[in-house]
Amino acid sequence: MNDQKANYPDVPIVYEDNHVLGVSKPVNIPSQEDASGDADMLTILKDDIKVRYNKPGNVYLGLVHRLDRPVGGAMVFAKTSKAASRLSESVRSRSFRKLYAAIVHGKPKQPSGRLVDSLYKDSRSNTVRVVSKGTEGSKEAILDYTVLETQNGMSLVLVELHTGRPHQIRVQLSHAGWPLYGDQRYGNGLNKAGQQIALWSVFVGFPHPVSKEEIRIESMPPTLHPWNLFPSGRLIREIKNY
697 MNDQKANYPD VPIVYEDNHV LGVSKPVNIP SQEDASGDAD MLTILKDDIK
747 VRYNKPGNVY LGLVHRLDRP VGGAMVFAKT SKAASRLSES VRSRSFRKLY
797 AAIVHGKPKQ PSGRLVDSLY KDSRSNTVRV VSKGTEGSKE AILDYTVLET
847 QNGMSLVLVE LHTGRPHQIR VQLSHAGWPL YGDQRYGNGL NKAGQQIALW
897 SVFVGFPHPV SKEEIRIESM PPTLHPWNLF PSGRLIREIK NY
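For the numbering used here, add 696 to where a residue sits in the sequence shown, where the first one is 1.
Simulated from the structure, these hints should not be mistaken for laboratory data.
A portion of the hints provided could be inaccurate.
If you anchor each label on the Cβ, the simulated ranges turn out as follows [said to hold, decoys possible]: (1) Asn822 to Ser781: 26 to 32 Å; (2) Gly833 to Asn754: 32 to 38 Å; (3) Glu729 to Thr823: 18 to 24 Å; (4) Glu836 to Gly802: 23 to 29 Å; (5) Tyr749 to Asp818: 38 to 44 Å; (6) Gln728 to Glu856: 22 to 28 Å; (7) Glu785 to Met916: 26 to 32 Å; (8) Gly873 to Gly753: 27 to 33 Å.
Predicted model only: the values in this text are computed from it and were never measured.
Note that beta-carbon positions come from the ideal geometry of N, C-alpha and C, so glycine has one too.
Based on the sequences and whatever the hints tell you, model everything.
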């Protein structure tokens with residue numbers, strides 16, 4: 697993509713038409729502007745569209761869903777307000793499908809299963825924790841997981857999100873006893889400073905906001921440690937068959 701500023705990272709475009717923009721988000725970039733003041737996905741992509749299409753004035757781009765700053769992979773934006781409204785409805789109706797790959801410490805006892813928890817977000821510390829069902833301010837969090845492979849005390853896990861709570865995968869897997877590799881916040885004591893969290897958005901699927909055709913945005917994790925410990929073939933097959 698064309699960068700308007702030299703310090704903007706390259707953001708690979710996976711899918712684009714007049715209504716939708718699907719990209720592969722690099723790690724350590726905020727989804728939208730935050731207190732850090734660092735370049736964020738919305739700003740980077742708006743500037744890119746402005747340059748590529750030589751658009752005067754402000755560029756519209758709607759944030760449909762978020763990825764935590766340290767998480768990379770498939771991400772979708774709306775290029776019109778109508779598309780934003782319809783994609784948001786897809787999220788609410790759960791026809792907006794999200795699949796993640798994660799590398800966790802340990803091995804789940806069951807090869808697959810469902811985790812259902814009540815999560816509470818502490819806005820002051822920007823942390824999330826599992827609480828008792830019915831706790832004031834808590835929200836239900838649901839995910840399905842499948843263990844693809846285990847070796848060297850770690851497991852490659854495929855996670856399908858059914859709700860989109862902040863830090864959901866990180867908190868639920870840690871609470872179950874399988875904290876993510878590199879997660880300093882929810883895997884304290886197991887991970888070392890400087891390690892990159894091993895969580896990647898590998899697939900986003902949704903009905904096109906206008907044509908209703910099924911759109912698939914796919915992104916594979918980098919071939920870096922610890923991802924390179926696990927052959928990519930099984931993960932690729934699972935994504936294609938999803």
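query: Can the suggested window of 22 to 28 Å be confirmed for the beta-carbon pair glutamine 728 and glutamate 856?
result: With Cβ atoms ~24 Å apart, the hint holds.
Range agreement (Cβ of serine 781 with Cβ of asparagine 822, hint 26 to 32 Å): At roughly 28 Å between Cβ atoms, serine 781 and asparagine 822 fall inside 26 to 32 Å, so the hint holds.
- request: Note whether the CB distance of glutamate 729 and threonine 823 lies within 18 to 24 Å or breaks it.
  value: holds, 21 Å
CB-CB spacing for methionine 916 and glutamate 785 relative to the 26 to 32 Å hint: Holds, at about 29 Å.
- request: Using the Cβ atoms, figure out if glycine 833 sits within 32 to 38 Å of asparagine 754.
  value: holds, 36 Å
- prompt: That 27 to 33 Å hint for glycine 873 and glycine 753 (C-beta), does it hold up?
  reply: violated, 52 Å
message: Can you tell me whether the CB distance of glutamate 836 to glycine 802 sits inside 23 to 29 Å?
response: Holds, since glutamate 836 and glycine 802 (Cβ atoms, about 25 Å apart) stay within the stated range.
message: For the hint 38 to 44 Å, verify it against the beta carbon of tyrosine 749 and that of aspartate 818.
response: holds, 42 Å
The structure fails hint 8 only (numbered hints given earlier).
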